[in-house]
Amino acid sequence: MNQNWPRLSALIDEAMELPLIEQRAFVAAQTDGDPDFQAAAFHFIDSLHSGLTGFMRTGAMGTDAPDRPAPLGEGERIGVWAIKSLIGEGGMGRVYAVERVEGGFTQAGALKLNDALPGTDLLVMTQERQVLADLDHPSIARILDGGGLPDGSSWMVMERIDGPTIDRWCADHKLGLEDRVKLVLAAADGLAQAHARLVLHRDLKPSNILVDPMGQPRLIDFGIARRIGSLEAAGPERLSLAYAAPELVEGLSVGPASDVYGMAQVLHELLTGHPAARRSGLPAGIASAVDGEAPVAINRAALLPDIARGAPSALLDDVAAVLSLALRSDPAARYPTIDAFASDLRRALAGRAVEARADEPGYRFRRWLMRFKWPVAGAAAIALSLTGGLGAALWQAREAKAARDAAVVEADRTEAVRQSLFLVLGESTEAAGPDGTRKDVLDRASERLTREFARDPAQYAPVLKALGELYFHSNDYPGAIGLLKPVASLPLAPTTAPTTKVPPEVIAEAKVDLAQVYLRTGEPEQARAMLTAAQAFWASDPARWQSDMIESRLAEAQIVRDLDKDPPRAAAILRRALADRIAMSGPANRDVAIFQNNLGNVLSAMGLHDEAAASFRQAQATWAAIGASETPDAMNTLNNLAASEVLAGRPKAAVPQFAEAVRLRRALFGPSAALAALINNNAKALLLSSDAAQALPLAREATAMARDFAGEGSMLHAASAAGLSEALLATGQAKDALATAQSGHRAALQTSGAGTPPEIVALIALARANAATGSQDAARSQLANAQKGVAAMGPGGARLNDAIRDIRQRYKL
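Throughout, our numbering is defined as the position within the sequence shown, counted from one, plus 912.
To be clear, the hints were calculated from the coordinates, so they are not data collected in a lab.
No experiment lies behind these values; they were computed from the predicted model shown.
Yeah, the Cβ is synthetic: ideal placement off N, Cα and C, and Gly gets one too.
Misleading hints may appear alongside valid ones.
What the hints assert, rightly or not - Distance ranges between label pairs, derived from CB positions:
(1) Thr1362 / Thr1444: 20 to 28 Å
(2) Ile999 / Ala1500: 42 to 50 Å
(3) Gly1667 / Leu1061: 36 to 44 Å
(4) Asp948 / Asp1453: 52 to 60 Å
(5) Pro1390 / Leu1061: 36 to 44 Å
(6) Arg1363 / Leu1061: 23 to 31 Å
(7) Thr1444 / Gly1667: 24 to 32 Å
(8) Arg1080 / Gly1263: 28 to 36 Å
(9) Leu1061 / Ala1500: 47 to 55 Å
Unchecked claim - Below, a list of computed lysine-lysine pairs in the DSS-like style, where the Cα atoms sit at most 27 Å apart:
(10) Lys1397 / Lys1413
(11) Lys1700 / Lys1477
(12) Lys996 / Lys1086
The whole structure should be built from the sequences, with the hints applied where relevant.
Now the structure itself:
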């Protein structure tokens, strides 16, 4: 293809001068006798036309759209969504601003309505809904709802982002170089989460990244995204050619590096005002890539005026080098993952040497001098001052090098495994067919990899292990066991030569993964056997495997707590591991916060609620120190801290913690079952603080949201309805409290059945409401039945027993 580009470029230029109806005939005549070249020319012609279009386009292949119904008017409804206004329309359909009008809470959305017209690809929207449903990240616009209409049209409601495109935001706020890079990094975090779920976006451009009023970038329009990079040969993609990676344009296989290219093009445009165009009339995605030329480096003259004036030269040079590497035509020559691309940009912002310039003579030394600003003349004095401690320093350096080398090997292996998974799962997607589910794809990949592992354990053990982890995170524990067990069962002898060519650390990691699965399936004995073998291997080279050993203490503590029934020893294990992690990584480290959070959970289980709260506060401080206070991890710590305050008998202290956790989850993820649970906790803390007036609206919202997102009669809905009934009683609305309790119990009985935890929770709430309204006999009978069910729950029913006792005492039953 590269050597034919001059000829192909000239042919395309001539064809594009002709009317659309004549272009393919002209190309066919000019390429007669050269089928490969003809196919390439047809592909580029089709791609150029489809690249001008997308969801919001004037018609398929540049033609006018067929007749369609008039736009929906304000107030018309689709499902629970009322139309507010028309945002835009194109050849495939329309987009409306909508608002939820049912469910007990309001919510804004953007409704995409595909036309039921010949030539519109309704499978595109179905696929987009499925892709988005699996993604949950503050940098990705969430899907809220979707479905089909009787006329065959398809619709989907997305979170409505009230903000401009990323390029418009940068211009409006006159952001400098550093802030524009940081904005792209925030978007890259969301893209990395999509890649971790094996989803490629494939249409990254400024108009597909919006920025909300809080300054958070949000990825939208996964309309041509694909799982695992699988491609169907179903005609030209609706690509945005100025931003698309060369392999996308040429119809070749794609992977994470394709999205690296797209994100780099976005940053290039934010800095210069345009994508990295290489040739007149064609974007860089074709010209530079097919030519095989290196992208033009950015210099100060190329920057937008607002950036050029204040951009530090060293930072500009580093960012330019990062973009040059990310925009290489060959995917193998780019950063292999979006994380690698983002890491190099972060190095540039921190003043550290970037990998993109690693081969530049003298660069690392110059960057080091610039970063620390140490006078070169002082180097000799510094060296002399270190001589006395050289022996200890060398020993520590050897330990650090061993750990660092292990980390480098692990990073390389992880990337190789991920690329293999993209390939295998991509082929499995094609084999599963258009109607294949996510589980179909995973199961096909599992069957294939199991066969390949039997043939070549050394090559396929890491990939089999990685797929087992994917099953684990999908909560498919039998599937995870089936994949992890063959690898974990391989011989692992730390002091002797391995009997297989499988890296021993892979076997050890598989054993730990399998231990985690066994803990989830209630088999702590098997978990201990797996973990003990892995720890014995890591103990054979403590310096190299120090980090793995520390991480294994989390599972070890859980085994000691659950199997040995020894929470104090579990807490001691976590305390030692926490100290080791701080010694190895420093106090400002994500893993440190995780250990502090888990230690708090163990201390809370021991009834040491004051100590637990202190540990959670330490975790909070660590999240703040690493700039992660507005993350899901920090939110979980907030929730844990609030719960420990309630258990310690300090509900008033818990109220602001729960409120902050609610605010954070609402901002990060919007309405969900998890948000309903947090709001319910906040309401309960207010009730315990004798503030029923503040608790009531929260209880109403939690109940409605639990019904919509967890289902009527679910455990969450039963608990929320019970809280709402209690809040109504506390505010003097006994009749409404009884009706709410009756409705909640009826739903739990129908959905979950008698004697189940949801039904028992709802029955206790109904007994409370009956007692409060004078139906004492009914309340006594209901509490007696509830207590039988609680007894069958074992220790887990202790708090429900407390609730039964409190109702009997309060109402003298």
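Hints, verified against the model:
1. Thr1362 / Thr1444: 20 to 28 Å: Holds: the Cβ-Cβ distance is about 26 Å, inside 20 to 28 Å.
2. Ile999 / Ala1500: 42 to 50 Å: 44 Å, holds
3. Gly1667 / Leu1061: 36 to 44 Å: 41 Å, holds
4. Asp948 / Asp1453: 52 to 60 Å: 54 Å, holds
5. Pro1390 / Leu1061: 36 to 44 Å: Holds: the Cβ-Cβ distance is about 38 Å, inside 36 to 44 Å.
6. Arg1363 / Leu1061: 23 to 31 Å: 44 Å, violated
7. Thr1444 / Gly1667: 24 to 32 Å: 39 Å, violated
8. Arg1080 / Gly1263: 28 to 36 Å: This hint holds: roughly 30 Å between Cβ atoms.
9. Leu1061 / Ala1500: 47 to 55 Å: Roughly 53 Å apart at Cβ, these two residues keep to the hinted range, so it holds.
10. Lys1397 / Lys1413: 17 Å, holds
11. Lys1700 / Lys1477: Satisfied, since the Cα-Cα distance of roughly 26 Å is no more than 27 Å.
12. Lys996 / Lys1086: 32 Å, violated
The structure fails to meet hints 6, 7, 12 from the earlier list, while all remaining hints are met.
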